[in-house]
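The hints should help you fit chains Y, H and D onto chain C, whose structure is shown.
Number of protein chains: 4
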Amino acid sequence: MKYSFKNDYSEGCHPAILEALSRYNFDQQTGYGEDQYSLKAKELIRQKIKNDHADIYFVSGGTQANLLVISSVLRPYQSAVSASTGHILNNETGAIEATGHKVLSIETEDGKLRPEDIVPVLENHGNIPHQVMPKLIYISNSTELGTIYTLEELEKLSDFCRKNQLYLFMDGARLGHALTAEMNDLTLEKVAELTDIFYLGGTKNGALIGEAIIINNKDLQQDFGFNIKQKGALLAKGRLLGIQFLELMKNDLYFKLADHANQQAMKIKNALQERGVAFLSDTYTNQIFPVLDRHTIRVLSEKFEFYVWKKVDEDFSAIRLITSWNTPDEAVDDFIQSAGKVIR
Amino acid sequence: MKYSFKNDYSEGCHPAILEALSRYNFDQQTGYGEDQYSLKAKELIRQKIKNDHADIYFVSGGTQANLLVISSVLRPYQSAVSASTGHILNNETGAIEATGHKVLSIETEDGKLRPEDIVPVLENHGNIPHQVMPKLIYISNSTELGTIYTLEELEKLSDFCRKNQLYLFMDGARLGHALTAEMNDLTLEKVAELTDIFYLGGTKNGALIGEAIIINNKDLQQDFGFNIKQKGALLAKGRLLGIQFLELMKNDLYFKLADHANQQAMKIKNALQERGVAFLSDTYTNQIFPVLDRHTIRVLSEKFEFYVWKKVDEDFSAIRLITSWNTPDEAVDDFIQSAGKVIR
Amino acid sequence: MKYSFKNDYSEGCHPAILEALSRYNFDQQTGYGEDQYSLKAKELIRQKIKNDHADIYFVSGGTQANLLVISSVLRPYQSAVSASTGHILNNETGAIEATGHKVLSIETEDGKLRPEDIVPVLENHGNIPHQVMPKLIYISNSTELGTIYTLEELEKLSDFCRKNQLYLFMDGARLGHALTAEMNDLTLEKVAELTDIFYLGGTKNGALIGEAIIINNKDLQQDFGFNIKQKGALLAKGRLLGIQFLELMKNDLYFKLADHANQQAMKIKNALQERGVAFLSDTYTNQIFPVLDRHTIRVLSEKFEFYVWKKVDEDFSAIRLITSWNTPDEAVDDFIQSAGKVIR
Amino acid sequence: MKYSFKNDYSEGCHPAILEALSRYNFDQQTGYGEDQYSLKAKELIRQKIKNDHADIYFVSGGTQANLLVISSVLRPYQSAVSASTGHILNNETGAIEATGHKVLSIETEDGKLRPEDIVPVLENHGNIPHQVMPKLIYISNSTELGTIYTLEELEKLSDFCRKNQLYLFMDGARLGHALTAEMNDLTLEKVAELTDIFYLGGTKNGALIGEAIIINNKDLQQDFGFNIKQKGALLAKGRLLGIQFLELMKNDLYFKLADHANQQAMKIKNALQERGVAFLSDTYTNQIFPVLDRHTIRVLSEKFEFYVWKKVDEDFSAIRLITSWNTPDEAVDDFIQSAGKVIR
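Residue numbers (our numbering), protein chains in the order written: chain C, 41 to 384; chain Y, 41 to 384; chain H, 41 to 384; chain D, 41 to 384.
Isolated chain C, as found in the complex (with noise of 0.2 Å):
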């Protein structure tokens, strides 16, 4: 059996999460989110971001909750905006499209946004009424290239967010990564302070499947609700969404998970740029896209499972290797090694 880089979501989830689901699971809990350890769970978020008045719905993946959060904040004739790498874009089936709502890509280099990629796109919208408005930013952090953003990087686009009355939208399906990444000085609070709505992915970072909403912008809170009802998201039995994240959230589990996966991809990382293996992008999170040569690639792929990500030239392709909170280190080890023999 080939052990797989390919994603983070392979295996089940952390273990304290299947005792939890054992230990409550035959107490009877009122159903559709009003469990107890669904109360307790957005009460422990909460107090991380320190807002006691943040509205936070449990969903189960990240395209629903995209989907859930676009629909619901923007007018018929409003659109999001991405970068051109963004999930939204190019991996949901035009979910959001399918919602009604134009989603206008940007061209960046690193998955990230910037006010001054934004500005055109304002400026050539302008032919009213015959254009889309755009009215939601949308990013990912850490980003679909394994990036992520800096304070600075952040406030600097909540604040032209706020001057131009946009909505800013944080993807946070590995806001986990983002947070506990080695170059990282953003924080869980200041990410609900910059931003009017964002999630916090479970589905990634250990649980078997779930999104935490967090909508920090009042104006975007009300009825929030009927929409994860009107779209399917409403879980009957939302205490498997409110356990898990009680888990998650006790003790820091969330970010400690979140840190092995990214140690485990720096160990790769680091010894491969000893042997002078080229990366696509410079990440410090769970994401990580070595530059290899065909030989190299095919015979670690007789060990080990990975997307060959972008051909570079004739000779050499990026891999996407992804580690995540349960990548023992003998993989990491073994792939090290493996890489370590072949690598010319």
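Treat the hints as calculated values from the structure; they're not laboratory data. In this text the structure is predicted, and so the values were computed from the model without any measurement. All residues carry an ideal CB built from backbone N, CA and C; glycine is no exception. Do not rely on the hints blindly, as some may be mistaken.
What the hints assert, rightly or not - Only some residues are given here: those of chain H computed to face chain C with a beta carbon under 7 Å:
#1 Arg63
#2 Tyr117
#3 His170
#4 Phe266
#5 Gln270
As the list claims (entries may be wrong) - Restricting the straight-line Cα-Cα distance to at most 27 Å, the calculated cross-link-like pairs of lysine-lysine (DSSO-like) are:
#6 C/Lys290 x C/Lys230
#7 Y/Lys46 x C/Lys80
#8 C/Lys42 x C/Lys351
#9 C/Lys42 x Y/Lys80
#10 H/Lys290 x H/Lys343
#11 D/Lys175 x C/Lys350
#12 D/Lys309 x D/Lys296
#13 Y/Lys258 x D/Lys258
#14 C/Lys309 x C/Lys296
#15 C/Lys90 x C/Lys203
#16 D/Lys309 x D/Lys350
#17 C/Lys381 x C/Lys42
#18 H/Lys80 x D/Lys42
#19 H/Lys203 x C/Lys258
#20 D/Lys80 x H/Lys42
#21 H/Lys258 x C/Lys203
#22 D/Lys175 x Y/Lys258
#23 D/Lys350 x C/Lys175
#24 D/Lys80 x H/Lys46
#25 Y/Lys258 x D/Lys203
#26 C/Lys175 x H/Lys175
#27 D/Lys351 x D/Lys381
#28 H/Lys80 x D/Lys46
#29 C/Lys258 x H/Lys258
#30 D/Lys80 x H/Lys343
#31 H/Lys350 x Y/Lys175
#32 D/Lys175 x Y/Lys175
Stated by the list, open to error - Reference excerpt, derived from the structure (chain H facing chain D, CB under 10 Å, subset only):
#33 Tyr49
#34 Ser50
#35 Ser100
Coordinates of chains Y, H and D only, in the frame set by chain C:
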């Protein structure tokens, strides 16, 4: 703590499911429903319905299943038709309309649709193109009132639909309870044969989440997976659904759990009937609607939770009691005794 | 050639409109509703309703106006409420649902809604967030049955809506006929004051196409123009709509045309009543529903076109006669004479 | 009063249309497109394209035609593909997305799509079911840049689409201008043969409103009329559209009008070229884009209205001049003279 008869999703899941989740937890699997457990569970279902060519998809809940099926099957100008008690009409926040489709309502006594109920709807929608085209017949089994379809009723309805080029879709959120009811003469195989598409509900029968959508009509199979992703219903860790259905399908656990729920309801029903209590409808599944006087309701509600469903006259109301796969004998006995003491 | 009483859109338009179209034909004008004629026509309407701040948009037809207004005003989880006879429920191919919104139906005798009809709908939609939120009350004046609202009725309804935070929207496809009916005590000014949004129908009152949407509620004015473009309702040559409304508004041509249609209907009504004919409903606008025996209907249908509306018993049916701005005295007299000869 | 070269919809309509509207004005006709004029106009179009089995529908405008066609043809998870200059991408307020469909954009120089442009889009959308399925190729002829398709180009594209099970849809808002352009070798018959669906634009070629949607592919014909009603595009007085197309189709008035517009543009183009003026693109239809210096633009804009289209360098910009069926020789001559005096 009061014992709740409010619904069949108050507890977690059958322990066998938790055990299986733990057993397989660290096995790496392909994501998005391509895991080994999902594939095996689908194989088991195909065997049970004796149809190798059925397409099967696992999704999280009933509203999600309903909106996925209906929006996938219908063209923009086509509508669904439902009994006025239908879940899609009353309890899904307009989820079907949110995908663009009208739901036509038919008043019925017992929550079931018969060809003679549908004929006038077809006759009243002949003003082409000024009216929607009725195209999909939505039925629930068991219904929202706890009633069930007989084989003969389903055969007639199926025959009518085929003659009129209508799709027949069965909401099986409580199909287990229907198929194990005392008066039932339908089988899962017959359901699959007589409908174009239906689903087998897990959430209300011992799973944490999960409904198995089964597409028998080949015309409706094409590209269904795209809709699941687009509507945010495709879980990265599809294993969560696969493992649950694998356990439920093994050794007919699914039907044993439903049978237990039904029997517990029937014990209460029989005991109350012996005391002369009338019922709102004559049901044989896990939903019963005894008609009790105000005093009895007040006394019982001190020890038990349940919904007061419908006022019958000044003194009497029907309450709704729902039992589940996990309802213990003690709760049933306690309810019967408590009722016995107070019923006048 | 038989004379048709089937509807009020069988002919072209009032000659004054054709003359104006010719008169202004070669003047170059700004497109998309910013032409001089549209601006002047809007000014005239604002004067008539005595509201300088009303936003006014001209669109092509009634279904278009209805779907534009409702989809613009409602949030995704909110629904419209209509009398069961409402045009949006029966004759628009699910146009409202196609924009994502459910329409709740209320059975009424005369096609009108009163607060007491709406109260139960509000009471039955309290299961948040499992049900849509009723938010917009849709009424027609005159209704699809030819009946009209009195000032007192509209005041009560308006008051009820404001107290319950509901929007009141009047479909005025035949508002001219309502406001010029014999028993009417409403004015255009009062309609504007008592509704949040309404439209003034041109298509059924002497225009080629055209409905004037008038938005009084400032909250609903914002960005309405985007929706018009997005739904394909913004005409490049907006002058076509502007010129028509300019002519209709000048010298109250609009009301004179509607009055003519009403008077022609009343002549037939009175003549038939004198012959002892009963009517399905007591109407004073350009739609009348005399109840005639089969023989009479057969004989009349040899010379005239009309719809047989509703079977009353084995021998008698109600027919629908609609008169228009252009119905000549000869046709009316001929019908009365022909009927007189045959009515038993 | 300045003469406007801003667009081809500044005036009313060709006088023959007004005459016909007057001539037929008092004839009673069936509504909703079943009038005699519409039926005859469709017959004339079928003769011109030599296809007795084409389905034809008249609608009001281009955005309406585009959203109707695309939302009718595509399944929810399928997308349209357009050149980046496409009207549906930039100038329709997200009308296509509002019906639930993504539009994929392809960068092109001249506003035209070729098979080799589309291949990479197909290749990049193979991650089933995580991406939309490209299914409909949207092209404009003439394009938004004034360029046109040759017979060979359209044949290759059509062939490519059929081989790849893609629908080919031509936006013909300015199809008349394309087919009468100097360099054109396409015919209306060939357009009908090589596309699945296209429309013939009236609004920009002498009608008040009106586009004729022509469906050649039988699979796409079914039930199209329902969509027209549902989207609010079905006019009660369909005669307004029918009469216009009847006049335009008679004696090839449609093509004569387009030819006039083209010739007026070519006169200006030739005169400016003789003065050494460069053009942004080499066009032969009624849109031209001369590159002029700031001084020239300022002087010309004192007498004429036009859009400054694109800055070329510090001193020079391209302006857009559009001529129409009604552009008089005087305006053309005056422009040429005025330009001649000032061009350096």
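- Query: Which numbered conditions among the earlier hints are violated in the structure presented, ordered from lowest to highest?
  - Reply: Failing hints, ascending: 1 and 10.
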